[in-house]
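Student: In case you want the letters, here they are:
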Amino acid sequence: MRIVVQEAGFDAGQELTRFSAADPGIGAIVSFTGVVRDTAEGTLDVMQIEHYPGMTEAALTKIAQEAMTRWALGDILVIHRFGRLAPGDQIMMVATTSAHRKDAFEAAEYLMDYLKSRAPFWKKEILRDGAHWVAARDEDEDALGRWD
Amino acid sequence: MRIVVQEAGFDAGQELTRFSAADPGIGAIVSFTGVVRDTAEGTLDVMQIEHYPGMTEAALTKIAQEAMTRWALGDILVIHRFGRLAPGDQIMMVATTSAHRKDAFEAAEYLMDYLKSRAPFWKKEILRDGAHWVAARDEDEDALGRWD
Amino acid sequence: MDVLYFAWVRERIGLPKERIDTSAATVTALVDELRAREERYAAAFADLSALRVAVDQELVDFDAPLAGAREVAFFPPMTGG
Amino acid sequence: MDVLYFAWVRERIGLPKERIDTSAATVTALVDELRAREERYAAAFADLSALRVAVDQELVDFDAPLAGAREVAFFPPMTGG
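Residue numbers (the numbering used here), protein chains in the order written: chain A, 1 to 148; chain B, 1 to 148; chain C, 1 to 81; chain D, 1 to 81.
The following block holds chain A by itself, in its conformation from the complex (with noise of 0.2 Å):
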């Protein structure tokens, strides 16, 4: 399990290929990237992550560790950025390894869910005529209903 919260840029693809190489032996890896999107109108000058560290640490290998119990995984990895980032970089990702695709898609999309809702992340987007926090979204709370 690999849990990183840093402020530094990465590279999704490296990152996959050396999750992947730490397991040749399993058979399915699931991975999900965020990327920072645009406003329609391209407007997005910086999109501004804020996060509460010691407690975004905990909180994440606290999901982690949930997926951990809930599907047969070989291991986890979460990737989130804080900070200020452009449109087009990426925030985070998350990756899961299983024998099966069925369990590492369902424990990526679980550790999505929660990523979402429950990490001490908030967003800012500073726009080219304003800034304001983006709010949180009844859609991705209603998400955690289908994991009790």
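Each hint can be trusted.
To give a feel for the contact side, a few chain D residues facing chain A, derived at Cβ under 8 Å: (1) F6; (2) A7; (3) L59; (4) A73; (5) F75; (6) P76; (7) M78.
It should be emphasised that the hints constitute simulated quantities derived from the structure, not laboratory data. Heads up, the beta-carbon is just placed ideally off N, CA and C, and yes, glycines get one too.
Guided by the hints, dock chains B, C and D onto chain A, whose structure is given.
Tutor: Showing chains B, C and D alone in chain A's frame:
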């Protein structure tokens, strides 16, 4: 949409990097990589993958096109190898991009489910003490039911 | 018409492809013709539930018509991925 | 006790962290104390349904006890990913 059927190896990490770079405006990228698993006893010498040239490409294209109509996707990548593979070799990958993680995840799972049971590939395991064709699993056929 | 065999069907029949002149109206009628040829065909086609068939590279049912078909392929359930 | 503020709660109150001496028994009691201090606190805590709270880095409800707590953090719903 990029559909590749090839004998040569590929690097899922590099492919993911290339696929992601093609559309930096997208928010979510999901990838699945399948790796040749050894037997529990470590007796697998070669995984031999046979396919139906012509029909394979057509079937994968049809599956990918159907996914493009069902979900709001930016792009789809499908790579599948044939020929002689060794334990630990990457067999195949699919990747999807979308503005939303739910679409990217669901489409990738759909592609995998259909690719498993509807694309003309057959696996033969050459073991140290014999060889046999891998049997289709009922649960792979059943998995298609959820997309009706 | 070209008839193709894959995986263990190919191994059991002993060849990957052959040209067959037939007036069979459906896949099932073609299978009956093949079964009557030789034991290896009878063995390969003993249990149709274990087989799949494609006509001109499209998966079809065994009662599919063969009118105008250029290529028929028989193979076990697919195991890609 | 250290009290931390994040995102727009931090911006509204005007600082990321402060040391507060309190005998508040629950988070809600602490919130009431803060609200009574100054307008900027009253504004930040106007609608608790728009806020989340963590005690010693664990998400809790607003009626959670504060006995023994070293660190309390207030912030809006999280938006990672």
